[in-house]
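Work out the full structure: start from the sequences and follow the hints.
Chains as they are written, first to last, in the working numbering: chain A, 366 to 836; chain B, 1469 to 1667.
Hints listed in this document are in silico derivations from the structure and should not be mistaken for laboratory results. Be aware that one or more of the hints could be misleading.
Said to hold, decoys possible - Heads up, simulated DSS-like pairs for lysine-lysine below, C-alpha to C-alpha not over 25 angstroms straight-line:
| # | chain 1 | residue 1 | chain 2 | residue 2 |
| --- | --- | --- | --- | --- |
| 1 | A | Lys-368 | B | Lys-1663 |
| 2 | A | Lys-731 | A | Lys-764 |
| 3 | B | Lys-1586 | A | Lys-689 |
| 4 | B | Lys-1586 | A | Lys-368 |
| 5 | A | Lys-443 | A | Lys-731 |
| 6 | A | Lys-373 | B | Lys-1658 |
| 7 | B | Lys-1586 | A | Lys-373 |
| 8 | A | Lys-806 | A | Lys-689 |
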Amino acid sequence: MGKTLAEKVWDEHLVRSSGPTGDEPDLLFIDLHLIHEVTSPQAFDGLRLAGRRVRRPDLTLATEDHNVPTIDWDQPIKDPVSRTQVETLRRNAGEFGIRLHALGDIEQGIVHVVGPQLGLTQPGMTIVCGDSHTSTHGAFGALAFGIGTSEVEHVLATQTLPQQRPRTMAVNVTGTLPADVTAKDLVLTLITQTGTGGGQGYVVEYRGPAIEALSMEGRMTVCNMSIEWGAKAGLIAPDETTYRYLSGRPGAPQGDDWDAAVAHWRTLVTDDDAQFDQEITLDASAVTPFVTWGTNPGQGVPLSGAVPDPLGFEDASDRVGAQKALEYMGLEAGTPMREIAVDTVFVGSCTNGRIEDLRIAAAILKGRQVAEGTRLLVVPGSVRVRLQAEDEGLDVIVKEAGGEWRGAGCSMCLGMNPDQLAPRERSASTSNRNFEGRQGKGGRTHLVSVPVAAATAVRGTLSSPADLEEL
Amino acid sequence: MEAFTTHTGIGVPLRRSNVDTDQIIPAVYLKRVTRTGFEDGLFAAWRNDPGFVLNQPAYSAGSVLVAGPDFGTGSSREHAVWALQNYGFRVVISPRFGDIFRGNSGNAGLLAAQVDDKVVLRLWDLLEAGPGTTITVDLTTRTLRAGDGPDAVEDAFDLDDYTRWRLLEGLDDIALTLTHEADITAYEQKRPSWKPATL
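Okay, structure coming up:
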């Protein structure tokens, strides 16, 4: 029997296998270990305590992203606790010989934006990071997943991870996405169908014509949110789109190495006779702009819909969950989603902070104005993305529309830096989590696509570009 | 890591499902560079509510948390496990855990015991009827026990064999892996030369 893509990548990284009956996990070699300031300090402390070194600093890359300010980034960080954490990363990177892209460096940015844009994220690799959105890198056909700090320490010390072999699932996406409907709408629709635990225990392969038609940015958006339906990782088979994106990037192989790499990458597809443990199918043609109403990413509806009635949920715990979510969100059942007024629009994050996302936002904002009483925050995912956008004049469009143009980082996606919602403030956010307090204590988040975010900024209520007056 | 065999402690009924790690500890509490002191951020938003279960004296010294399905979803922050441990929890019982949270628990020495939905419902009823009731969790037999009489709950829980063994022995994963260092070196020698490097 053939193998799935995930199984091929897994098997290529086996340092040790426990065999078919063993209960011991497999030991996997890790090709790339990404690090940031929040989940690494205790891991480096552990190494020091045990007198261990970093086994492969040459397969490790650090960047500052979660905690960094998006204004005055040339100044010392004002919050002393944030500053200490960032300075701790700098000290650890120096002590253990790890390459670091610090605030102010041209390669600084969100770890999941930086890896791909440097060309360090490649098909068939194993990639880990102390961050659950590491699944983003699966867009290249890499097996990429988030780990905890104990595991960060384990990878630093051994360049391996003990892992139980996961089950595999195929998400077959047929048809074609309609105009103004994006990869984000697709994945939000999927998560609402499966629930937050639907992918639990699986490595998911997204496949089918609608996936193949996506750009690398769109594929990254889909894979990024794999964790939001519980999947261990999500990946997409590499193809010409992948190779075109990678070719010429600093970390990509060159010359004969490129040819050897591509020849290998072409083998990284699921065999025709391979069996997935589970398969689900989604019709992209039926997807419409999709937004969340609740406090987890599985609580969503089409933008054309209304806030659901908790009594309408069959499952008792879903009913209670919906009731609590509506209370927290300050919403009434039956309210059309399009009538919900928004205070802040956030465009950015590892989900939707890439150049393509900023181009889409700018195209909608061009010649229009942000609604009175609404704040628009545009935060590029990396310094490179910011500079590229500024080259294209996107920053001017955002500022002329009345939006704020910021420096690179995770920013309001999780509100560790000063970019936060106030209590009861409502956002439309292109990020990945609408958990209670995620964007600031008491803040209320609606997850949206980039076109919906931009249109919402203009109208002040949840909207799609189709709702805007023609210019 | 401290070895775990059995533990008896006050059960805390957390009647919620989908408790993500942002609820367990919000991001603003993640700025410390130590593994201790995170108890102040545990369930930070909910602890402002006087009615919240941990604000009730009968439960405040609890060490066995009983939660609804999908506990620990979301962010990979191991700080969520540390916050529970720093507060005094040794065990979390739930019908389903987020993958990364469950892995982090096993690595940090918090027992994440998976049970049937029905067991959680019965435990909630028992703990609410008798605040301060203790739960005994036995890792050697993978069973839990709470209460007396007709409402007593006695059932098995799931935990994979490998994690159970490591918790029972209190073993450091890194030391275990380093016993296979020759295998790692052998693997490194056969990696293709075109694989990317950061230095």
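Evaluation of the provided hints:
1. Lys-368(A) <-> Lys-1663(B): holds, 22 angstroms
2. Lys-731(A) <-> Lys-764(A): At roughly 10 angstroms apart (the allowed maximum being 25 angstroms), Lys-764(A) and Lys-731(A) satisfy the hint.
3. Lys-1586(B) <-> Lys-689(A): Distance of about 22 angstroms is within 25 angstroms: holds.
4. Lys-1586(B) <-> Lys-368(A): violated, 38 angstroms
5. Lys-443(A) <-> Lys-731(A): Since the Cα atoms of Lys-443(A) and Lys-731(A) sit roughly 34 angstroms apart, the hinted pair is violated (cutoff 25 angstroms).
6. Lys-373(A) <-> Lys-1658(B): holds, 17 angstroms
7. Lys-1586(B) <-> Lys-373(A): violated, 39 angstroms
8. Lys-806(A) <-> Lys-689(A): holds, 16 angstroms
The structure fails to meet hints 4, 5, 7 from the earlier list, while all remaining hints are met.
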